Amino acid sequence: MNIDGVKNGIVIDHIKAGKSIQVYNLLGLDKVDACVAIIKNADSSKYGKKDILKIDAKIDLDYDLLGYVDSNITVNFVEDGKMVKKLHMELPETLTNVAKCKNPRCITSVEQEIVQQFKLIDREHKVYRCVYCDAEHKVK
Amino acid sequence: MSEIRNLINITDLTIEEIDQLIEVADDIVANHSAYEDICAHKKLATLFFEPSTRTRLSFEAAMLELGGSVLGFSSASSSSAAKGESVSDTIQTVGCYADIIAMRHPKEGAPIVAAQRTTVPIINGGDGGHFHPTQTLTDLLTIKRKKGRLNNMTVGLCGDLKFGRTVHSLIEAMLRYEGIKFVLISPQELQVPDYVKEKMNAEGAEWVEVESLEDAMPELDILYMTRIQRERFFNEEDYIRLKDSYILDLAKLENAKADLTIMHPLPRVNEISVEVDDDPRACYFFQALCGKHIRMALILFLLGIKREA
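First to last, the sequence lines map onto chains L and U. Every number in this note's numbering is 1 more than the matching position in the first sequence, counting from 1. Every number in this note's numbering is 7 more than the matching position in the second sequence, counting from 1.
These are computed hints drawn from the structure, not numbers from a lab. Owing to the predicted nature of the structure, the values given are computational and were not obtained by experimental measurement. Cβ coordinates follow ideal geometry from the N, Cα and C atoms, glycine included. Take these hints with a grain of salt, some might be off.
[Unchecked claim] Derived lysine-lysine pairs resembling PhoX-like cross-links, with alpha carbons at most 25 Å apart:
(1) U:K206 with L:K141
(2) L:K103 with U:K204
(3) U:K206 with L:K120
(4) U:K204 with L:K141
(5) L:K139 with U:K204
[To be verified] Taking CB as the label site, the calculated pair distances span:
(6) U:F241 with L:C36: 47 to 53 Å
(7) L:P105 with U:E244: 16 to 22 Å
(8) U:L64 with L:I60: 55 to 61 Å
(9) U:D266 with L:Y64: 53 to 59 Å
(10) U:E185 with L:I60: 51 to 57 Å
(11) L:E91 with U:D26: 17 to 23 Å
(12) U:I247 with L:K47: 52 to 58 Å
(13) U:R288 with L:E91: 50 to 56 Å
(14) U:D222 with L:H126: 30 to 36 Å
(15) U:K204 with L:N73: 25 to 31 Å
(16) L:V111 with U:N208: 30 to 36 Å
(17) L:E91 with U:E185: 33 to 39 Å
(18) U:G155 with L:T95: 41 to 47 Å
(19) U:I22 with L:V33: 25 to 31 Å
Bound conformation, chain L alone:
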């Protein structure tokens, strides 16, 4: 794959510098049977430095997960070397099995098979609450 140009695939752009490996792992890109490039500390006019992931394949992405990890991320879809669609990520209204409740009084602390769920309470301050116990979860 030419690092500069994805022919038919996806470019995950504006990842906070240093977070690309986390995004790579969370999206399970190690299991993707296609060329994937991780670009770290690229220059960014907006943020100074940024990371980029380039995937030379059309794969399904978990936008909620991306929005949770970094709501500044943009996802660019490329066809025949041209960008055909651009999506801006945002914090999802709900989180499912992305974060774990840290309240030791929560039922999820003792019954491991329970689906971890949070709902967004305050978008500006990036605050979620556990749907089971209302414990706060702040996105760092």
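Let chain L serve as the given structure and place chain U on it in line with the hints.
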């Protein structure tokens, strides 16, 4: 088939439905014989993973007075939870035996998990320091019977407001009525959790936090006392330091309104002196009686059973 209704949080009921429950509770008192066999052949399971006197016994008395039967356990140690069985598995099993389940569990959110695992109605009889909606129904019935209204009053809540699940549910319920002012009386360490404050702010409620019960007393229409709950503390030293923060006695009531209603979800330890029991403003044992009536109404509601006209 109609949708299964649960009562996990008091907001699962609309205020119209709460009004309806209060009406049925009053009708049960007025026409008791009409309800004697109304739940014949129906079974209530009371699954109490945490100790209880009033909640469990009032649920059981309620079902028996409706002509139904009860099964269940009164502590985790007398169920397979002691062997490590999960809430999910317990509920899936009991759901095969009972028509309706009332449960109490020390972990917050346990009734939500239960409701996901069965098709019989789940009633939250208290989940840790989180919510206790049937106590709130009890409290609302008590207030309605004593005050004749559920709006336009100043409600003082005193004691452990952090872990006090009855407090959290009562605030959520009364937020929906007009003209309610909350006076939250507690040590700083035991103030209401942020999620309760967020809800009060979102609803534009009038509320203040204070530490002095004596200063707050003159403006109160309702005084809701709570116990400092030893079982909610991870640190015994914190409990010992805070346990005697508030003790209501007759001297403290000198500046109270003549028609103050003194409530307590019980059990009490020492936060209400026994000398207050004879004061006509003390309503906590009347509250316990109301608990049976409203739970009878709730069982009927969740089972979709109505008295024949």
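Outcome of the hint check:
Our distance criterion of 25 Å between C-alpha atoms is met by K206 (chain U) and K141 (chain L), whose separation comes to about 24 Å. Pair hint K103 (chain L) plus K204 (chain U) holds up; C-alpha atoms about 20 Å apart against a cutoff of 25 Å. For the hint linking K206 (chain U) to K120 (chain L), the alpha-carbon distance of about 14 Å falls within 25 Å, and the restraint holds. The hinted pair formed by K204 (chain U) and K141 (chain L) meets the criterion: a straight-line CA distance of about 23 Å does not exceed 25 Å.
Proposed proximity of K139 (chain L) and K204 (chain U) is supported: the alpha carbons are some 17 Å apart, at most 25 Å. Roughly 51 Å separates the CB atoms of F241 (chain U) and C36 (chain L), a value that falls within the hinted 47 to 53 Å. Roughly 18 Å separates the CB atoms of P105 (chain L) and E244 (chain U), a value that falls within the hinted 16 to 22 Å. Between L64 (chain U) and I60 (chain L), the C-beta spacing of about 58 Å keeps the proposed range 55 to 61 Å intact.
Checking the proposed 53 to 59 Å range against D266 (chain U) and Y64 (chain L) shows it holds: the Cβ atoms sit about 57 Å from each other. Separation of E185 (chain U) from I60 (chain L) is about 54 Å and conforms to the stated range, judged on CB atoms against 51 to 57 Å. In this structure, E91 (chain L) and D26 (chain U) break the distance hint of 17 to 23 Å, their C-beta atoms being roughly 40 Å apart. Distance hint check: the CB atoms of I247 (chain U) and K47 (chain L) are about 55 Å apart, consistent with the given range 52 to 58 Å.
Roughly 53 Å separates the CB atoms of R288 (chain U) and E91 (chain L), a value that falls within the hinted 50 to 56 Å. In this structure, D222 (chain U) and H126 (chain L) meet the distance hint of 30 to 36 Å, their C-beta atoms being roughly 33 Å apart. Against the hinted window of 25 to 31 Å, the Cβ-Cβ separation of K204 (chain U) and N73 (chain L) comes to about 30 Å, which satisfies the hint. The beta-carbon spacing between V111 (chain L) and N208 (chain U), approximately 32 Å, falls within the hinted interval of 30 to 36 Å.
Our hint of 33 to 39 Å for E91 (chain L) and E185 (chain U) holds, since their Cβ atoms are close to 37 Å apart. The beta-carbon spacing between G155 (chain U) and T95 (chain L), approximately 42 Å, falls within the hinted interval of 41 to 47 Å. Judged by the Cβ atoms, the range 25 to 31 Å given for I22 (chain U) and V33 (chain L) is violated: they are separated by roughly 52 Å.
Going down the numbered hints, you'll see the structure goes against 11 and 19, while the others check out.
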